[in-house]
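Undergrad: Given next are the chains, with one letter for each unit.
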Amino acid sequence: MKLREVKEILDANVIVGEEKLDMEVKTAFGADLMSDVLAFAKAGSLLLTGLTNTQVIRIANVLDIAAIILVRGKKPPMEALELAKDLHIPILTTKYILFETAGRLYTRGIVGCLEKVEK
Amino acid sequence: MVSVEKILEKHDFDIEGGNFNKAGTVSTRIKSILKHRQLPDEIVRRSAIVCYEAEINIVSYAKKGVISLTVIPDKIIIEANDEGPGIPNIELAMQQGYSTANQQIREMGFGAGMGLYNIKTYSDVFDITSEVNKGTFLKMAINLI
Amino acid sequence: MDIAAIVKQLNLETRSAKDRLKNMVTGGYTGDLLSDVMANSKAGDIWITRQIHQNIVAVATLKEHAGIILVNSCEPASDTLDRANQENVPIMVSKLSAFELTGKIYSMLAEKK
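Protein chains in written order, with this note's numbering: chain G, 1 to 119; chain P, 1 to 145; chain Z, 1 to 113.
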């Protein structure tokens, strides 16, 4: 589905990346532990998290994450926001908890990813 | 040793221990260098992950460190050398889930004991040596061929 | 819906308090930061996490969760299991990612309503 539909399903606000809402997304990974994101998240996935620090943005860049969805109405601090703009990583924020966010996306066809990189 | 004429790219980056605001900047930089060389996405991604975990380790535990990137025709070599507490038991530190991270590190989403494990998983060659109260040296290679 | 129904449908393995699978699940909470889970989860939630240390048992007890499911094939630490058996907190494990497990449980809860 398009990122625009993700925004609608989650009643989300787009904080960074309004111009990227036509991007296609198929998979998602939800976690609050960044090491797990590094271990498992697939390139091109949505990253659903409650963390808002700059490291989340750096990791999204390192992993080629399609977009970051911040749950529980979290807003990123200014430096994270600036970094996301510089690195062209969309950030959406939703008022829903991670459980509801993942549930809504899953029931609309987004699938999970738990994949090791193939060498 | 790699002979000088074969080196396509060589960079050293200083890492400041304890500075979480800057943590990850070197990995972002290295990723963009590798991308610029038009290496395959998956290779760039694996290199960036390996580099990022090494960088976070230095910021989390060491006083300071250096990460160096070397690209030769058949591989990418990433080395991380720090001045820090060292690792008394490497075998234990390599285990998934083992961590000595403090609360500050954990609240940021790190310290789940996945770092060295991730590095090993994502690199083709991984070598670690450490001396307590001196520092730790990591050498990783990702094959291009 | 009780925990037993989730265990059966999603092929979970139960690691502690096997006699408590009749606990009713009224909602779910997915998260790995204990402070967040303490602040925002509700009684009757099934807690989905990848944290394995024994503090999860204290959080689940205090918040009166129905139980805990560990994702990504994570296994509870041995002191976590001891504590969970003492406190009667069922801990289950799943091979699925948090996203996928959450999605499946979310769907099950939606069907029962």
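By construction, these hints were calculated from the structure, which means they are not laboratory data.
One should not assume that every hint holds.
Stated by the list, open to error - Cβ-to-Cβ under 7 Å is the rule here; a few derived chain G residues that face chain P:
#	residue
1	I9
2	D11
3	I15
4	G17
5	K20
6	L21
7	Q55
8	N61
9	V62
Since the model is a prediction, treat every value here as computed from it, not as a measurement.
Each residue gets a CB set at the ideal place from its N, CA and C atoms; glycine is no exception.
Undergrad: Against each hint, give a clear statement of whether it holds in the structure.
TA: Hint-by-hint comparison with the structure:
With a cut of 7 Å, the hint placing I9/G at the interface with chain P is violated, because the nearest CB-to-CB distance is about 25 Å. Given the 7 Å rule on beta carbons, the hint for D11/G is violated: about 25 Å separates it from the nearest Cβ of chain P. Checking I15/G against chain P: minimum C-beta separation of about 19 Å lies over 7 Å; hint violated. The beta carbon of G17/G is not positioned within 7 Å of any beta carbon in chain P (closest approach about 18 Å), and the interface hint is therefore violated.
The interface hint given for K20/G is violated, since its Cβ lies 18 Å from the closest Cβ of chain P, which is over the 7 Å cut-off. The beta carbon of L21/G comes no nearer than 23 Å to any beta carbon in chain P, farther than 7 Å, and the hint placing it at the interface is violated. Given the 7 Å rule on beta carbons, the hint for Q55/G holds: about 6 Å separates it from the nearest Cβ of chain P. Contact between N61/G and chain P, as hinted, is supported at the beta carbon level, the nearest pair being about 6 Å apart and thus within 7 Å.
At its closest, the beta carbon of V62/G sits 4 Å from a beta carbon of chain P; the interface hint therefore holds under the 7 Å criterion.
In summary, the structure is inconsistent with hints 1, 2, 3, 4, 5, 6 from the numbered list given earlier, while agreeing with the others.
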